[in-house]
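Enquirer: So the chains spell out like this:
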Amino acid sequence: MSVKTTTALDRRGLSDDQLRRLFANMLLQRQLDNRGFQLNRQGKVPFALGSEGHEALQAGAALAFERGKDVLAPYYRDLGLCLGVGLTPYEIMLSIFARAGDHNGGRQFPNHYSSKSLGILSFSSILAAHIPHAVGAAYVIAYRGEVGRAVLCTCGDGTTSEGEWHESVNFASIHRLPVVFLVENNLWAISTPLSKQMAQPEIWKRAAGYGMPGKRFNGFDPIETYACVKEALDRARSGGGPTLLEGMCYRFLAHSTDDNDMTYRTKEEVVERRKNDPVQRFEALLIEGGVMTRDDATAMKQEVLAQTNDATDRAEAMPFPQAHDLYANVYEGAWEPWQ
Amino acid sequence: MSVKTTTALDRRGLSDDQLRRLFANMLLQRQLDNRGFQLNRQGKVPFALGSEGHEALQAGAALAFERGKDVLAPYYRDLGLCLGVGLTPYEIMLSIFARAGDHNGGRQFPNHYSSKSLGILSFSSILAAHIPHAVGAAYVIAYRGEVGRAVLCTCGDGTTSEGEWHESVNFASIHRLPVVFLVENNLWAISTPLSKQMAQPEIWKRAAGYGMPGKRFNGFDPIETYACVKEALDRARSGGGPTLLEGMCYRFLAHSTDDNDMTYRTKEEVVERRKNDPVQRFEALLIEGGVMTRDDATAMKQEVLAQTNDATDRAEAMPFPQAHDLYANVYEGAWEPWQ
Amino acid sequence: MAVTTSDMTASAQTMNNVEAVRATLYDALRSDDRVIILGEDVGARGNVFLITKDFIDEFGERRIIDTPIAEASIVGIAVGMAMEGLRPIAEIQFADFIYPAFNQIVGEAAKTRYRSNGEYTCPLVIRTPYGGGVRGALSHSVSVEALFYHVPGLKIVAPAFPADVKGLLNASIDDPDPVLFLEHKKTYRLIKGEVPAGHYTIPIGKANLLKEGTQLSVVSYGLYVHWALEAANALDAEGISVEVIDLRSIRPMDRGTILQSVEKTRKLLIVHEDNKFGGVGAEISAMVAEEALFHLDAPIRRLCAPDVPAMGYAETLEHEYMSSPAKIAAAMRELATF
Amino acid sequence: MAVTTSDMTASAQTMNNVEAVRATLYDALRSDDRVIILGEDVGARGNVFLITKDFIDEFGERRIIDTPIAEASIVGIAVGMAMEGLRPIAEIQFADFIYPAFNQIVGEAAKTRYRSNGEYTCPLVIRTPYGGGVRGALSHSVSVEALFYHVPGLKIVAPAFPADVKGLLNASIDDPDPVLFLEHKKTYRLIKGEVPAGHYTIPIGKANLLKEGTQLSVVSYGLYVHWALEAANALDAEGISVEVIDLRSIRPMDRGTILQSVEKTRKLLIVHEDNKFGGVGAEISAMVAEEALFHLDAPIRRLCAPDVPAMGYAETLEHEYMSSPAKIAAAMRELATF
Ligand SMILES: Cc1ncc(C[n+]2csc(CCOP(=O)(O)OP(=O)(O)O)c2C)c(N)n1
Ligand SMILES: Cc1ncc(C[n+]2csc(CCOP(=O)(O)OP(=O)(O)O)c2C)c(N)n1
Ligand SMILES: [Mg+2]
Ligand SMILES: [Mg+2]
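Residue numbers (my numbering), protein chains in the order written: chain B, 1 to 339; chain V, 1001 to 1339; chain P, 2001 to 2338; chain E, 3001 to 3338.
Keep in mind the hints are simulated off the structure, nothing from the lab. Even glycine gets a Cβ: it sits at the ideal position worked out from N, Cα and C. Treat each hint with caution, since some may be false.
If you only want the chain P side, here are some residues facing chain E, beta carbon under 7 Å, derived [as the list claims (entries may be wrong)]:
| # | residue |
| --- | --- |
| 1 | F2059 |
| 2 | Y2114 |
| 3 | G2118 |
| 4 | S2285 |
| 5 | A2286 |
Computed list of lysine-lysine pairs in DSS-like fashion (alpha-carbon distance at most 30 Å, straight line) [said to hold, decoys possible]:
| # | chain 1 | residue 1 | chain 2 | residue 2 |
| --- | --- | --- | --- | --- |
| 6 | B | K275 | B | K215 |
| 7 | E | K3327 | B | K44 |
| 8 | V | K1205 | B | K215 |
| 9 | E | K3192 | E | K3206 |
| 10 | P | K2211 | V | K1044 |
| 11 | P | K2211 | P | K2264 |
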């Protein structure tokens, strides 16, 4: 299945306000993405990684997430998802600039989102290593009998090849845990196309082997995404067990500022995919559908730009972590290996 | 699917001689199994592990294997398979007694079959760790363009839960490698029932998720086993890629001499399963089908007992490895970490 | 709470190491419902050494989890549980099977607190039986401490006596950070001792001076502590006075106890079952060579396994690989008379 | 074939370390069709440092394999290939991602020959970029040598100069046993040097005496060798004469070169980027404390990273974690004047 083009607004019960929030999230993602790359080109930060092409998928999924209840186990491509569940542009910028106030204290690369108060689990750069953590978190919810809570766990298509992915999905299924495995299938893993990642290209079809429901959806459509993720989360929240979801999208940018995608894919491929740019398309749909006017859209863009500028300036003005911060939080308290 | 009872001989083109070879293998397995446990009870060896219940499956699979061409990547439960591809009772006994002439030099537990000349890969006790080796071996066959060769790789049901199983099956499928993954599903992994190993009980159904054919068969029927394994191996040998096979059987004995299965399953369950004992059943079928007489069967049993006695005596008479053998074969040549 | 003499006398019980692990786990399960156990065959089978026997009946399937055979996820799922507030105790059936979980232990558990700058923590215990002398062959005999002790963020303990097993297991369960808890399987039923009643902890990172002596300091842990003690006691008769230290904790390690002893005896012998190159003894020796070089009257000696991948199944091979009280006594004698 | 001066003059070329790895791999692929490369993004992308750029066009998809993201199987499949007669070179994209492959490296590759008593062998090279100073943050900066150097059956090399990269990579590919080949990523483009033409090998297990000196021996490897050399050269001006040894190989290590140097200078400083406790420096120190204690005029010093899980992404944190020529010079000065 290639990503379909949505032709008319099917709002699936979403209010104008919710639809605008979806759009605002998508705009903010793109703006912050651009900012990271800009700052990198300006030599202000050594590294940036963008999520262009994942905006609709992540905005839709975030809308299905219940703040203050659900747990999110994201991966580095999840800017929009993390914004959607409550991280602020300022927090994003602190991490891009590696400033002291960053959740990770400037220790991790940017895009390693984490916030205990928002229920965003901390993860490392080791692909798939967070999937068992998500399952453990779901176990805790089930163990405590907390109906109405679930874990949303994301990863890329390439990450499903890791053994830890298999082990975790299998365990979740055995215990019917409240967790939704959402694969953001952008068809690439750095330079490795899906065809070199697996022999048959439909990840959702693995669900049957684990005895859980699986579903593929158009991740360029935030509303369809919302509906699919909500259905799966609701099932999880009410004791119905895990689901494997596959959201089809595309990675418009190179993997990161360290990558040159023109070494392994053609400009034409990217241009072709860009024709279905989910942000532009959703904008058009909302305007056609009367949810907002062209002027509203312009105002939102300006607002998002202002937010981004403000976040950038405030974050850049913050101090770096101090050298002695290197020694904190190895253990609780001060432990040396030789006591 | 529970294991079916075969009611009449359907020889699927096998000659009398082949059918008798199947039966002889099954008898030999059982006899050698018993011997290991006996020796353990006599205090002559500290450990034994049996394959009762897997005889038909392994005899059938071994018959489909082409000696001198195919590669076998077995696991510790594969006594019959390894006998079937050429290991001798004497070699088995050398390993049970941990004598010097053992292929592994008395380093590994018994049941860690290996023979380079027979194409039996060496494996460790770490479950699933041999699966990628089998895939690597299959890659070499494909790389060299050796049509007509394939790898037969076995493991238990529980072992499919390991991440390395997933990674390996996935890779084999992407490259359409000449390998057959044969899962010997005996419903238990030590004390862990299949229901705690996976949510849906049909392992072969995972094949679709990898884009390869999958099939389940009655592993209490050596002829059905032979046909299924042969079909899959033939496909692999002729460039048709890998297959996931699931042979249903049962573990009649405790996991090993270190296990007491009555702590986690009932005597009734085992007795019930024993009613379909594949060895007795096959004997009856061959006699009914006129392939051999009751006297033939008795003679074969005597022959197998004689073989086992002879192997036992000869192996027991062999010397232990020498203390200095501990230092050999760490590297090629003599290397110390401090040179 | 540390061990006190009054606890000792109150209603101490004689146990072996298996019983000490079992009793401690049982008490933890009773007293704190955040404690759960997960691993292979820990349920109806009650673990392959019967350590968790009947626990599943009393505490149920939700707290005593028979996992699939998948070590990476056993630890990884426990990490997630720990991040969300439970106190999981993950079991690796044999230490030899810990390799597939290496990523989750070293890359994840040990770094959870650090990488989140303290927002998330990982109060996790990973228990596993290790060591040889039980005809465990190539893959049921390894020592794994040296593969992990280099890793900041992790703690490692390896008690040798039942009372230490209890005190250190309690400390590990209470600990807010991940602890690798190593149980020498040869000592499981071999070693018996008094175990104080009630809840107590022994601080992680504190060695135990088992026997005082004047001519030589011997540092060891696990099974070989018992053999070192046996050897040292035998040498008393020869007029050789050996001090014996049981490390108990491998990370952190107890600098003070070692240095104090070495500064007194001026000679150091390190004894461990694991192979030598890069083993735990290397760090001990290096620390002493850095801190107390001029107190030494003899080279620092390490008596360790040969640098081969494993002991074999054959008795001859196992015997050659393992040390013995006699071999340890010989090394003591040699160094004492240096 | 070892490096000879005639090779050196023949048609040596100036290369950086990336180019040296690339050229050596290229020659190996050309000259032996048992050599294949597998790893993530080694195909069209040509590896993330462009080491294998265009190889896939010349050698095809069968020899340059873009694997799925699954490190355990990258190594595990390579083990199977090696057992069946190929000479696979497996790449782990960054050393930080080697943890999931730990089982296949330590449990399988390192034990293949041993457990089959020599029937099967595992001629496998595992290449991976490691080390910091490149703003690689917590998970793209680690040193992994100490997690593996304890393991019998494995060899480990960590060359610092382009000529050594080529000679040791050739030796690794030719080696009949598994070799972990560590490439310091900060040196990739930073370090340039003459590389002899033609096929030659440098023996695994031989250190290189880079600079002679009389007052102090310094042992290092990887990036820090360059800094140690820089510091030592600077100290010449102060009248402090420092001898610098580049280990090059970590397992096996070169006892003779180290002992000879220490016996001459009577002082030893070990410098490495990896954290201290249980690091490679521990074994070096312990060996010297065992073999040459009475030749020492000062305690053995180890200058290593602090015992924290990783350097951070923020420049301040990376800077604090890493050493520098100045810090190394200070440690040299202090020890020389002890
Ligand atoms: C264990 C591990 N292996 C390799 C990498 C290097 N790496 C980082 S991102 C990436 C590609 C991931 O692809 P995918 O899962 O499809 O996610 P996407 O980036 O496409 O969103 C790779 C190979 C890593 N971080 N961790
Ligand atoms: C990595 C690893 N984990 C655990 C074990 C311990 N173990 C040995 S056999 C076994 C059960 C295997 O069950 P299954 O795969 O179904 O094979 P069966 O014994 O039933 O034939 C376990 C858990 C091991 N050897 N290796
Ligand atoms: Mg992707
Ligand atoms: Mg089984």
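Enquirer: Decide, hint by hint, whether the structure agrees.
Expert: Status of each hint after checking the structure:
| no. | hint | in the structure |
| --- | --- | --- |
| 1 | F2059 | violated, 31 Å |
| 2 | Y2114 | holds, 4 Å |
| 3 | G2118 | violated, 12 Å |
| 4 | S2285 | holds, 4 Å |
| 5 | A2286 | holds, 4 Å |
| 6 | B/K275 to B/K215 | holds, 25 Å |
| 7 | E/K3327 to B/K44 | holds, 27 Å |
| 8 | V/K1205 to B/K215 | holds, 17 Å |
| 9 | E/K3192 to E/K3206 | holds, 21 Å |
| 10 | P/K2211 to V/K1044 | violated, 39 Å |
| 11 | P/K2211 to P/K2264 | holds, 14 Å |
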